[in-house]
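Engineer: As a plain string of letters, each chain reads:
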Amino acid sequence: MDFTEVPVTSERKSKKKKNKRAGNKRVSEAENGESVGVEKKSEEKIMENGESSAAFPPTFSVSEIKNKQRRHLMFMKLKQEKRKQKLQLRKKKKKERAALGDKAPPKEVPKTIENQRVFDETTVDLEDEEIAFDEGTDEFSAYFNRLTNPQVLITTSDRPRGKTVRFCEQLASVIPNAHVYYRRGLALKKIIPQCVARNFTYLMVINEDRLVPNGLVLCHLPDGPTAHFKVSSVRLRKEIKRRGKDPTEHSPEVILNNFSTRLGHTIARLFAALFPQDPNFVGRQVATFHNQRDFIFFRFHRYIFKNEKKVGIQELGPRFTLKLRSLQKGTFDSKYGEYEWVLKRHEMDACRRKFQL
Amino acid sequence: MQGRLPPRHIRLNKDGGPRFVHVFLKPCKTFLSYFISLSLRKIHQTFPFSEGKRDRKRKCSTTTTKSQNFCRNEFNITGLCNRSSCPLSNSQYATIREEKGQCFLYMKVIERAAFPARMWEKVKLSKNYEKALEQIDQNLIYWPRFIRHKCKQRFTKITQYLIRMRKLVLKRQRKLVPLSRKVESREKRKEEKALIAAQLDNAIEKELLERLKQGTYGDIYNFPVHAFDKALEQQDHESESESEEEEAEEEVEQREFVAEDEVEESDLSDFEDMNKLKTSSDEEEQESSEGEEQQEESSDEEEAGASTSKSAARGRKRRAFVEIEYEREVEPVSKSRDF
Numbered sequence: 001m002d003f004t005e006v007p008v009t010s011e012r013k014s015k016k017k018k019n020k021r022a023g024n025k026r027v028s029e030a031e032n033g034e035s036v037g038v039e040k041k042s043e044e045k046i047m048e049n050g051e052s053s054a055a056f057p058p059t060f061s062v063s064e065i066k067n068k069q070r071r072h073l074m075f076m077k078l079k080q081e082k083r084k085q086k087l088q089l090r091k092k093k094k095k096e097r098a099a100l101g102d103k104a105p106p107k108e109v110p111k112t113i114e115n116q117r118v119f120d121e122t123t124v125d126l127e128d129e130e131i132a133f134d135e136g137t138d139e140f141s142a143y144f145n146r147l148t149n150p151q152v153l154i155t156t157s158d159r160p161r162g163k164t165v166r167f168c169e170q171l172a173s174v175i176p177n178a179h180v181y182y183r184r185g186l187a188l189k190k191i192i193p194q195c196v197a198r199n200f201t202y203l204m205v206i207n208e209d210r211l212v213p214n215g216l217v218l219c220h221l222p223d224g225p226t227a228h229f230k231v232s233s234v235r236l237r238k239e240i241k242r243r244g245k246d247p248t249e250h251s252p253e254v255i256l257n258n259f260s261t262r263l264g265h266t267i268a269r270l271f272a273a274l275f276p277q278d279p280n281f282v283g284r285q286v287a288t289f290h291n292q293r294d295f296i297f298f299r300f301h302r303y304i305f306k307n308e309k310k311v312g313i314q315e316l317g318p319r320f321t322l323k324l325r326s327l328q329k330g331t332f333d334s335k336y337g338e339y340e341w342v343l344k345r346h347e348m349d350a351c352r353r354k355f356q357l
Numbered sequence: 001m002q003g004r005l006p007p008r009h010i011r012l013n014k015d016g017g018p019r020f021v022h023v024f025l026k027p028c029k030t031f032l033s034y035f036i037s038l039s040l041r042k043i044h045q046t047f048p049f050s051e052g053k054r055d056r057k058r059k060c061s062t063t064t065t066k067s068q069n070f071c072r073n074e075f076n077i078t079g080l081c082n083r084s085s086c087p088l089s090n091s092q093y094a095t096i097r098e099e100k101g102q103c104f105l106y107m108k109v110i111e112r113a114a115f116p117a118r119m120w121e122k123v124k125l126s127k128n129y130e131k132a133l134e135q136i137d138q139n140l141i142y143w144p145r146f147i148r149h150k151c152k153q154r155f156t157k158i159t160q161y162l163i164r165m166r167k168l169v170l171k172r173q174r175k176l177v178p179l180s181r182k183v184e185s186r187e188k189r190k191e192e193k194a195l196i197a198a199q200l201d202n203a204i205e206k207e208l209l210e211r212l213k214q215g216t217y218g219d220i221y222n223f224p225v226h227a228f229d230k231a232l233e234q235q236d237h238e239s240e241s242e243s244e245e246e247e248a249e250e251e252v253e254q255r256e257f258v259a260e261d262e263v264e265e266s267d268l269s270d271f272e273d274m275n276k277l278k279t280s281s282d283e284e285e286q287e288s289s290e291g292e293e294q295q296e297e298s299s300d301e302e303e304a305g306a307s308t309s310k311s312a313a314r315g316r317k318r319r320a321f322v323e324i325e326y327e328r329e330v331e332p333v334s335k336s337r338d339f
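If you read the protein sequences in the order shown, they are chains Z and U.
Numbering follows full-length UniProt numbering, in which position 68 of the first sequence is assigned residue number 68; successive positions increment by one, without gaps.
Numbering follows full-length UniProt numbering, in which position 7 of the second sequence is assigned residue number 7; successive positions increment by one, without gaps.
Any given hint could turn out to be false.
[Claimed, not checked] Which chain U residues stay away from chain Z? Per the calculated CB distances, all over 12 Å, these: (1) E74; (2) S85; (3) E134; (4) H149; (5) R164.
[To be verified] What the simulated footprint calls covered on chain Z by chain U, stretch by stretch (three residues with Cβ under 8 Å from a Cβ of chain U suffice, anywhere in the stretch; the number is not a length): (6) 86-96; (7) 109-119; (8) 170-183; (9) 281-288; (10) 303-310.
Everything labelled a hint here was simulated from the structure, so no lab data went into it.
We put the CB at the ideal spot given by N, CA and C, even for glycine.
So here's chain U without its partners, still in its complex pose (with noise of 0.2 Å):
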């Protein structure tokens, strides 16, 4: 029985008063009509737990959002809480249903109204979709609009989302693992501490200068060699002691032409008696740096280009001090700090 307000002229008062006033007071036969079906409304809407109070929010399994009100009866069709799709209020009714994947029709009657246990009619609908479509036109044959149309819709609806758990079930699964939280707290204080034990700047550091030392720069770096210099350390006493007092001599004469000659012939004397003093301790040294002795010298010529007469003496210098082959070694730390 669906509600129908009573005519206009019983909802208002005479004086043009509030409606209910009206009711209480007169009650007419048409409006007793209304009255009657108000209550049974209730009685379908409002559950054993109301007191007849007409809310909002209906009493029979629902929950309610912002904009609707849910049904949580398994057996409605559309899903929300109205009275055309109210299993408990609709003595006729029809629904889909699925379990595991097949499809089932479900028909309510008012015959079997009496016996709860038979009450819902259960047919099984075929996997094919148009096949099915026709069982439920069979089936429902006769029964009203609404729920044919509802009843083939929900069918779609759960066709269309087996199929997509079937695809999905072939595309790559996400594997949640679970974590720890105490083995992970575990690791992550181990990993601080592994930090600071492996002292990482250190042992970087330490790692380059090997490198260094082995020679796997090659002649990029124009450090003196410190194994060069202890090795020479004894030589160099008597070589040092002379050329400081040209360096002396140098810095003062730094722009006579004549003055730097006489340094350079000097310097190179001195640089000839080291290589004959060298050559014999290291030979091995001479085979690897010979390849890199030109290019050490076109590196220093590219630097005495550019620079201005002191350095260009110093380049002078430091290329005569190349055809002594050395890998890195230019000049004895002792004369570069001089300078």
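So here's chain Z without its partners, still in its complex pose (with noise of 0.2 Å):
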């Protein structure tokens, strides 16, 4: 057994002191129980410890070191020295721009991951003549050319519990012209024919599991696109802080963000085709649709103009967060539907920059 004679106090110079009581403790166990052979084995292993962390050969890494206390040490040594360097870096680039003035380059835009989205082939194009061609002859052109005026059919789930009817309540209260009616055990592809009779465009569905809403079907009636969302985050009128007043029955208006790719345009004109074309102004209320990383948001405000530079806006109405699960073309079939997307989920969450809508 080869033993190098290296004396173990330089190696303790060079670590801190708990290490130094906690190297003098095991020298001194192995001296006190053991043999000498084990003795010998275990200063080795202290020197070579020491060695590696002393010598530091390229392919060192702490994760190499067994002793889990000095392992630990040594990480945390290794975090110290690199913020410090970040820290140094930061002052000097800070002093740099101060000693340029009006000639420092630019600041550098931080990384996002909005700004590191993997780009979407789909992404909409606001000239492409196909997807203007499209989207004047899908299910929604009736609606964008003012041929038909929106009428919302709201429903549950079975046995809806007070906090899904009051969403529920406050929901139509929100769109105007809809209309809230109790489920009792109907089947949908039931009620989908007396909807459509009845000249309704839209049927929202809101499920509920264990006295919450969390999911929303949103089906657009002469067999327009069927969507089927996640529901989370649901707040109603009492629980929003700092809110105003309830909303009035003038129209509000529609704000759609971040709609980019050609689900997120479908979905898009799907939520506009769920409010009429002509919102009041007067009312000064906007339903905001902000869509998020796959998150759609949902916020009901209502907002006044300061001066030309300034809005205030009040939070009023129940804001929720969808996420979408699938869309469907027809009418609602769970079993025979052709579906659009799915969302499925090792395919599409496995990367963190890429998203759907």
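Each of the two chains sits in its own frame; use the hints to bring them together as a complex.
Structural biologist: See below:
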């Protein structure tokens, strides 16, 4: 058994005090309890460890140290070093900027998930003719050509509980021409032809689980697409802080943010067709559907322009977030329907920078 | 054998003392029979596990609730743990059982008690309800009334629930979708981060201001347009200095009608100049805003009507200004601020 006679004290100097004490203990224990051979072995090990930390061979990584305490301490040291370097770098840059003054290069834009988003080939180019043609002839064209007025039927799953019922009522107050009907155990496939017969353009079914609304099926009626969303973070009116008075009967304006891909465009048109085409600006109410990283946030505000550069908004109305689960071509048909898009977790959630809407 | 209490005179001591003292001290003939039947009863009710202690809990596969004991034996006809409905303690017994939608009548007689493999006779009942009842009657002819009645009751109940099952299958079925806790918590966290990244309030405000700039609101809001101001800054300089002096005068001479008229005229002249300048630069706006002009005027008239002289002067000024045909613009920023 080879052991190098490197004096132990020199290693200890390079480490921290804690380590010193630990190192001492180990050596002393070795001396006390064990035979000479084992002692030497432990010394060897200490020396090996010491060597690796002191010499830093190029393939060294902190995880190779077997001793947990020491490894932890080395890692903390490493982190501190990195932090120090980063701080120095920042100071230097700041000095340079101050020195250059106006001629300083522009500040670098920090990386965000939105910046790093993987380019989606289905991103809509607003001037694309094909898309314009598609949108002119799809199921919403009737609405966008002002042929139909939206009429919305809101219902729930079986036996809705208090929160869901109140949510439905508040939704009905937010969306003009909306009516809430109690479900009473009817099958959706039977409800749909009845709705069509009574000139409804939308069917909205809010699914409830464990006393809380958690799903939304939005069906555009004369065989339009059906979208199924997951609903989360529902806040009813009384749970919203600093809110305004109840919304009035004026038709609200609609804001649709960040819907960039083809799929996003379809969904945006789906939402837009919920509201009547001519908003009452007098009412000063605005409903927002904001898409961020595939989550659609719904908010309902009342705004007031203080001057041409400042606007104040006050939240009324319920708020909730949606996440698209599936988009189906015809009306609701879970067994035989033709799905245009379905959320497949393993494919789509694998990359953090890839989004669908 | 049904257990029967011993006749009353035996139950009590001659002194009127407790019964069991009497039992142990002085067994008589009738009491002996009672004692035998009691022990037999215990055998039937209590299984090898018990030590002859008689308590409410009967040990042959029962479950107890507060009100009654249930028998877990699969051949039991009523489901309760009674002496009359226990398949173990009755040598002649019959039940109805159902397998995959088919009902069978099971019968046990004492002749086959020695052959446990063949003990239960199984008869398939017809699917027709009435015919099946007749079958039960035929098979259980001469059997005790209780068993016959209970069999028919059980059979009725079984057919009823089979019908209900068939109906339910046709109705809507609730589908339970399992949630993965990990996925849910991940999504929740993503949602929170997305919410922070979205900066909703700012986004909404920005969008609303954009719309205001682009003029989707028409003439509802009488704000001076920033762009317009910038374009006319140079031309405004001269008129501004003049108008400032006039405004100072106007504030002082508020009550005199004459002063206001003077101001008005001078202002009008200025505005006419600006009109010419403006028309040369922005012709498009004129076309679009001609329709709005009338609306503007009407709104301004309303305002003027409801206000004091000072504001009436302003209103008149505005009306004059409106003739210049800007979409939302009424007067330049500096002037309004002075007011």
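Engineer: Now look at each hint and say whether the structure bears it out.
Structural biologist: Checked hints:
1. E74: E74/U is indeed farther than 12 Å from all Cβ atoms of chain Z, at 35 Å.
2. S85: With a cut-off of 12 Å, S85/U remains clear of chain Z, as the shortest Cβ separation is near 38 Å.
3. E134: holds, 38 Å
4. H149: The claim holds: H149/U sits with its nearest Cβ about 37 Å from chain Z, beyond 12 Å.
5. R164: holds, 15 Å
6. 86-96: The restraint on the stretch 86-96 of chain Z is violated, since only 0 of its residues have a Cβ under 8 Å from chain U and three are required.
7. 109-119: Three-residue rule met by the stretch 109-119 of chain Z, so holds; n is 3.
8. 170-183: It is violated, with 0 qualifying residues against the three required.
9. 281-288: Check passed, 4 qualifying residues.
10. 303-310: holds (count 5)
In this structure, the hints that do not hold are numbers 6, 8, in rising order.
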